[in-house]
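Asker: So the chains spell out like this:
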Amino acid sequence: MDIALIGRIVPVFVQAAWTTVELSLLSLALGLAVAALVAMLRLSHVAALRFAGAAYVSVFRGTPALIQIFLLYFGGPQVGIQLDPFAAGAIALGLNIAAYMAESIRGGVLSVDRGQMEAARSLGFGEGQSMRWIVLPQAAKLMIRPLGVNAVALVKGTALVATISVVELTYTAQRFIGSTYKPFEIFAVTAVLYMIMVYGLTLLVDRLDRAYAGEA
Amino acid sequence: MQGLDFSIVPEYWPLIGKGLWWTVVISTASAVLSVLAGIGFALLVLYAPPVVRYPVRLFMWLFMGTPLLLQLFLIYFGLVQIGIDIPAIWSGIVALSLHFAVYNADIFRAGIASLDKGQTEAARSLGFGAWRTRIYIVVPQAVRGTVPAVGNMMIALLKESSIVSMIGIAELVHSAQLVISETYRPFEFYLTAAALYYGLNLILEAVLRGIERKVELSR
Amino acid sequence: MNDTRPMIEVRGARKFFGPLEVLKGIDFSVARGQIVAVIGPSGSGKSTLLRSINHLETLDGGEVWLDGVQVNQKLDRRSFERHINGVRQQMGMVFQHFNLFPHLSVAENITIAPIKLKGMAKAEARALALKMLDKVGLADKIDAFPARLSGGQKQRVAIARALAMQPKVMLFDEATSALDPELVDEVNLVMKQLASEHMTMVIVTHEMRFAAEVADRVIFMADGAVVEEGSPAELFRNPKQERTRSFLKKFLNG
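Going down the list, the protein sequences come from chains A, B and C. For the first sequence, this note's numbering begins at 1 and goes up steadily by one. For the second sequence, this note's numbering begins at 1 and goes up steadily by one. For the third sequence, this note's numbering begins at 1 and goes up steadily by one.
Hint data in this document are derived by calculation from the structure and do not stem from the laboratory. Ideal placement from N, C-alpha and C gives every residue a C-beta, glycine not left out. Some hints could be false.
Said to hold, decoys possible - Far from chain A by the CB rule (all over 10 Å, computed), these chain C residues: (1) ARG5; (2) GLN73; (3) LEU183; (4) ALA212; (5) ASP216; (6) ALA222; (7) PRO232; (8) GLU242.
What the hints assert, rightly or not - Calculated cross-link-like contacts (lysine to aspartate or glutamate; reagent style EDC-like; alpha-carbon spacing at most 20 Å): (9) LYS74(C) - GLU127(A); (10) LYS118(C) - GLU127(A); (11) LYS250(C) - GLU229(C); (12) LYS182(A) - ASP85(B); (13) LYS192(C) - GLU174(C); (14) LYS18(B) - GLU182(B).
In isolation and in its complexed conformation, chain A is listed as follows (with noise of 0.2 Å):
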């Protein structure tokens, strides 16, 4: 172990480390954003939408997030899309998460007892209503663990933009075991960064989990 190396390159992955962080949590705002309307869509009355939803869903699960990048980085400018690395790699994996957060969302929504909507309507409240006041304040606990699933995943999935060159942590690390030969002390360094991010926010939404899905 070259103690003296890695000594020498952390600043250097500590910057990049957080070009990840901002990386992963502009995908995770637009993958909820994007992941609750798909959610909407699914769990719609309109078969044509329902339709649209599960189309997208399986879309985008239904194939590599590295050729979704490689698509709108490489592909999007055919189509008149224009974007710098970093922009296409947080749309691309943003687009991507919220396919499997759309399922989080709807999952948590159908987990809810059929007879609080019942209830809710019964009581006279619209579908709308009955859907914010009673059914999604019970299905929002409920979503805690999944959407954290996912967002572990996608702090993960980061490492895809290092192919188009955001210099971001995998792809700091490729460019330093290019130029040292030393992949073991590079590996080492990056991924306690990672773990970091990965266990950081696991035990986050441990607890998020506990204090609030535990007393429902």
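Given the structure of chain A, go ahead and fit chains B and C onto it with the hints provided.
Answerer: Relative to the frame of chain A, chains B and C by itself:
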């Protein structure tokens, strides 16, 4: 903006088809290895002495906490570093197998832990030794219950096998890249590759459903 | 009572679940202040009938009227939504499995509808909740959460929740079926008290004794049709139909 033209796609089918074939080969090999290694890791984590158990747990923890692409780079560059010079394709298969073996191991471990203790006791009372009990009685039952979860991992594996294109293995994405470097038509060929993955995915889902039904019947 | 129009009127109610006809053209009406018990074997369609009064089940044929307004009238989706929400506010529904809202306290369970749907002020709604809880004997549980209550207490809160909307009728769907035997009486007591206040009630139940005590009229249903109806005295002591006789016999013996 040059507009889209899918009419040139068939011309490049031989190359794309070859890539598709290698995607199937690499995914299948990695899937089989990841299941076998996954069972092995699960048994070690549950039953091996601490000197073996803790390193395996550390390894699993390490591989669950980091991205596949990083692991691929480590194995591809690292194996050469320690004097093992094998073709890139083997680095790709090793990386995919190990990455998914770790997740499979976690699934198997939970499956084994949830089994009724009476099964072990019954086998032991018949005179099976500890390891024979595990291999003939415990594992076959636990594996049955984990088919859906492991199946989901295999669906992920098929898609993530695209990542080995990054070390120059001529699978589907890499073939598409070769064609694109000649034709400058990324949209058409990445979309074609995506459609082929979607097709493979549908086939794999059908196969998994078949396996699940079979396992369900034999329970 | 000077108003002689029926409070609830069901005409020719028909309902299919797939190929199975669960309601085969039911007619019945409930007068203002009347208490009707609906009895019958499971699968007879009695719960479906009750739920279709509240439009939780959509009838495939026939009409349901509440106090001179047709419940299941044909309107476009949006207008019907507005119409049904208004109609349901005038009907209290009590479910077999209580369906209290577990994320809300007892007070919030009772006040959410008056506050959100009638625009009642919070303080006023809380006073109302207290009054309703007093009625069902649970004033001390006003700030508890449903998970902390026994089954009988949950059902009494559910009744208070329905009463807080000041409904014209109360519909009870097997309100005591999910309760442990020793908790049944406290719920029955509340229902009897409501009966003494001349609340119009439709009670689907399998408790013959309770039906006999509280109802003005008993309807016996089997296989999606009304087999026989009459006063409790007539129906229980002197059933005219063979089907009724065998049901009651099985029930009293078993």
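Asker: Quick one: work out the minimum CB distance from GLU242(C) to chain A and report holds if it exceeds 10 Å, violated otherwise.
Answerer: Non-interface label stands for GLU242(C): nearest chain A Cβ at 36 Å, farther than 10 Å.
Asker: Under the criterion that the straight-line Cα-Cα distance not exceed 20 Å, is the pair LYS192(C), GLU174(C) satisfied?
Answerer: Holds, because 15 Å separates the two Cα atoms, which is no more than 20 Å.
Asker: Over 10 Å from every CB of chain A: does PRO232(C) meet that, or does the non-interface label fail?
Answerer: Correct as stated: the minimum Cβ-Cβ distance to chain A is 27 Å, above 10 Å.
Asker: A cut-off of 10 Å on Cβ-Cβ distance, and GLN73(C) was said to be off the interface with chain A. Does that hold?
Answerer: At about 17 Å from chain A, GLN73(C) clears the 10 Å cut-off, so the statement holds.
Asker: Need the status of pair LYS74(C), GLU127(A): alpha-carbon distance at most 20 Å?
Answerer: Distance ~18 Å between LYS74(C) and GLU127(A) Cα, so the pair holds.
Asker: Within a Cα-Cα threshold of 20 Å, do LYS182(A) and ASP85(B) meet the stated pairing?
Answerer: Given pair LYS182(A), ASP85(B) holds - Cα atoms ~16 Å apart, limit 20 Å.
Asker: Is the nearest Cβ of chain A still more than 10 Å from the Cβ of ALA222(C)?
Answerer: The assertion about ALA222(C) holds, with a minimum of 25 Å to chain A.
Asker: Confirm or reject the statement that LEU183(C) sits farther than 10 Å, beta carbon to beta carbon, from all of chain A.
Answerer: holds, 19 Å
Asker: Over 10 Å to the closest beta carbon of chain A is the bar; see if ALA212(C) clears it.
Answerer: Holds: least Cβ distance 27 Å, greater than 10 Å.
Asker: Does ARG5(C) clear chain A by more than 10 Å, comparing its Cβ with all Cβ atoms of that chain?
Answerer: Given a closest Cβ separation of 22 Å, the condition holds.
Asker: Hinted pair, alpha-carbon criterion (20 Å max): LYS18(B), GLU182(B). Please report holds or violated.
Answerer: holds, 17 Å
Asker: Straight-line Cα separation of LYS250(C) and GLU229(C) no greater than 20 Å?
Answerer: holds, 18 Å
Violation of the numbered hints given earlier is absent; every hint is satisfied by the structure.
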